[in-house]
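Fit chain A to the supplied structure of chain G, relying on the hints for placement.
Protein chains: 2
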Amino acid sequence: MERILITGGAGFIGSHLAEKLLAQGHTVVSVDDLALGRRENFRSYANDDRFTFIEADATDVDGMEQVIRANGIERVYHLAANSDIQKSAADPGIDYKNTFATTYAVLEAMRRTGVKKLFFSSTSAVYGDKRGQALREDTGGLAPISYYGSAKLASEAFISAYSYMNGMQTLIFRFPNVIGPRLTHGVIFDFIRKLQVDPKHLEILGDGTQCKPYLYVLDLVDAIVDFSFRTREGVEIYNIGVDTATTVRKIADMVCDRLGLTDVEYRFTGGNVGWKGDVPAFQYDLSRIYATGWCAGHNSDESVRATLESLEI
Amino acid sequence: MERILITGGAGFIGSHLAEKLLAQGHTVVSVDDLALGRRENFRSYANDDRFTFIEADATDVDGMEQVIRANGIERVYHLAANSDIQKSAADPGIDYKNTFATTYAVLEAMRRTGVKKLFFSSTSAVYGDKRGQALREDTGGLAPISYYGSAKLASEAFISAYSYMNGMQTLIFRFPNVIGPRLTHGVIFDFIRKLQVDPKHLEILGDGTQCKPYLYVLDLVDAIVDFSFRTREGVEIYNIGVDTATTVRKIADMVCDRLGLTDVEYRFTGGNVGWKGDVPAFQYDLSRIYATGWCAGHNSDESVRATLESLEI
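If you read the sequences in order, they're chains G and A. Note that the numbering used here has the first sequence beginning at 367, numbered continuously upward. Note that the numbering used here has the second sequence beginning at 367, numbered continuously upward.
Next up, chain G with everything else stripped away, as it sits in the complex (with noise of 0.2 Å):
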């Protein structure tokens, strides 16, 4: 049993694992600023005796290494970021910040603190708009088109100095869209709170074909937890995803099914792209993380429709 540390611990991701590793019987320490993150998302275990909460800005270098001292933290899950890529289009700065300078941050407290062991929630984002290419780990040119997919390349480029110089034992994953209990933001999300204000009509930024895989936070967490406990020194890259993807226009059909409305009237913005910066379709090429035996629980369909089933509405 080990004493892990989880950034951005009160977030969509984050709790879900923090939950999983408390399961196992770890002691889990989460840390969060609140912006995104909400306290409702561990009450479930915020009495738990092996479970902390710290609110505290994660891009405070010295903060971090007090949390990581003060608590014999021997591992860190670093998920703390900016995670609406919407919002930074006009403030780049919201992701230098929340998803970069958390980062260093947390790498520097561990160089100083001499903690080796690191799990970095990475994403689809950093290879940029490649489509009709199965995207794989080691594919190049990458070019992100957010600040979003920057500051997680970025991230990932200080990992890999960081990791060789101090002998570290480091687990990326690279997301695709995740879902599932305490979404916070994403399309799913709108429509239900568009639909709410306004039963009878649904605005669909793009054309509706926008297609991509989505994957459940559930299936998601436990590769998490099993993946990374068997690192080696180093840093290892996976892709992580489904083989199916679902298009923006049948997730409109799903959240009408689950909120029992019929005759709602779409309107398409038009254009293939929703907003600037966003990627409008990828496929990876999975064939590294299915070489060790693992496969989502839910297709991307299931994890909508599960998604939808677990959301009190």
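Be aware that a few hints might be false.
Copies of the same chain look alike in the list, so a pair counts if it works inside one copy or between any two.
Below 25 Å or equal to it, Euclidean Cα-Cα: the simulated DMTMM-like pairs (lysine to aspartate or glutamate) are [as the list claims (entries may be wrong)]:
(1) Lys463 / Asp414
(2) Lys482 / Glu569
(3) Lys566 / Asp504
(4) Lys453 / Glu406
(5) Lys642 / Asp399
(6) Lys386 / Asp629
(7) Lys483 / Asp457
(8) Lys496 / Glu678
(9) Lys463 / Asp428
(10) Lys642 / Glu599
(11) Lys463 / Asp423
(12) Lys560 / Asp644
(13) Lys463 / Glu474
(14) Lys482 / Asp644
These aren't lab readings, by the way, just hints derived from the structure by calculation.
Below, chain A without anything else, positioned relative to chain G:
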């Protein structure tokens, strides 16, 4: 004729670049914090009416925005960086701040002011240690092993999204070792300094077989100016260098010749790496830049010789 900003303008390469741009009739504003840059480097044109030197920290976003607005800047050459890889091994914050945060500040200041034309000095260190592979611009699995390489790759990552989101015209050269007049560090500089202290013995890090291509700074500066006035929207990346390479041992021999020393005893520290984070050998695939018709004026050995001849010893 344009109004041009050079960050790191008092440095080894930046000061040559300013000189060339002034000679072509442009107006040049040079920003440097004088941490590594030196006033002597721009002494010959310090009084030129079209030249302005501003001592400032290029990590200050508001300050850089102010410099751009006050001087009507139309084009930026971003060369400010920690150029001493070895130094930051013990303090990664040096590269975080001087190599990466400068890039972010320049990009953000350009976004706020609408300046679209950018040249960025990247490096072979972004690739990491890929011995036995000819490095192409689209080689995948970039894994820098130095904090310097990380900070340059992180810079490229942010440049990618900033260029896409703001319609910028960006040229990136990935530099090899660059040498010539005004050199302030590196193996040639170190050998001269050591032999001035003790002309009988020379300590050589590693086993002397480390072999790298050396590019002459005036060849590089000519290429930067030629290529940067022919950019289109988007990001163009070129490896730049020479096909030939020079071993550390040969450099030692040439330095001894230049100093008129004979019978110097070489003491090798052993191993084939000079220091942790050093990439002991690499070879570019230069076909992309050669396809434009460009070729360096000096090969690797000639660059070393021309550098030695230029130094006042």
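Hint-by-hint comparison with the structure:
Proximity of Lys463 and Asp414 under a CA criterion of 25 Å is satisfied in neither setting, with 31 Å inside one chain copy and 40 Å between copies. Taking the shortest Cα distances, Lys482 and Glu569 never come within 25 Å of each other, neither inside one copy (47 Å) nor across copies (34 Å). When the C-alpha separation of Lys566 and Asp504 is checked against a cutoff of 25 Å, the pair qualifies neither within a copy, at 46 Å, nor between copies, at 49 Å. Proximity of Lys453 and Glu406 under a CA criterion of 25 Å is satisfied intra-copy only: 23 Å inside one chain copy versus 46 Å between copies.
Taking identical chains as interchangeable, the C-alpha atoms of Lys642 and Asp399 are never at most 25 Å apart, the minima being 28 Å within one chain and 36 Å between chains. In this homomeric assembly, Lys386 and Asp629 never come within 25 Å of each other (Cα to Cα): the closest approach is 41 Å inside a single copy and 68 Å across copies. Taking identical chains as interchangeable, the C-alpha atoms of Lys483 and Asp457 lie at most 25 Å apart only when they sit on different chains, with a minimum of 20 Å there against 32 Å within one chain. In this assembly of identical chains, the alpha carbons of Lys496 and Glu678 never lie at most 25 Å apart, being 36 Å within a copy and 51 Å across copies at closest.
Proximity of Lys463 and Asp428 under a CA criterion of 25 Å is satisfied in both settings, with 16 Å inside one chain copy and 16 Å between copies. In this assembly of identical chains, the alpha carbons of Lys642 and Glu599 lie at most 25 Å apart only when taken from different copies (16 Å versus 38 Å within one copy). Taking identical chains as interchangeable, the C-alpha atoms of Lys463 and Asp423 lie at most 25 Å apart whether they share a chain (10 Å) or sit on different chains (19 Å). Only within a single protomer do Lys560 and Asp644 lie at most 25 Å apart by alpha-carbon distance; the minimum there is 20 Å, versus 54 Å between protomers.
In this homomeric assembly, Lys463 and Glu474 come within 25 Å of each other (Cα to Cα) both inside a single copy, at 15 Å, and across copies, at 13 Å. Proximity of Lys482 to Asp644 under the C-alpha cut-off of 25 Å is restricted to the inter-copy arrangement: shortest distance 21 Å between copies versus 34 Å within a copy.
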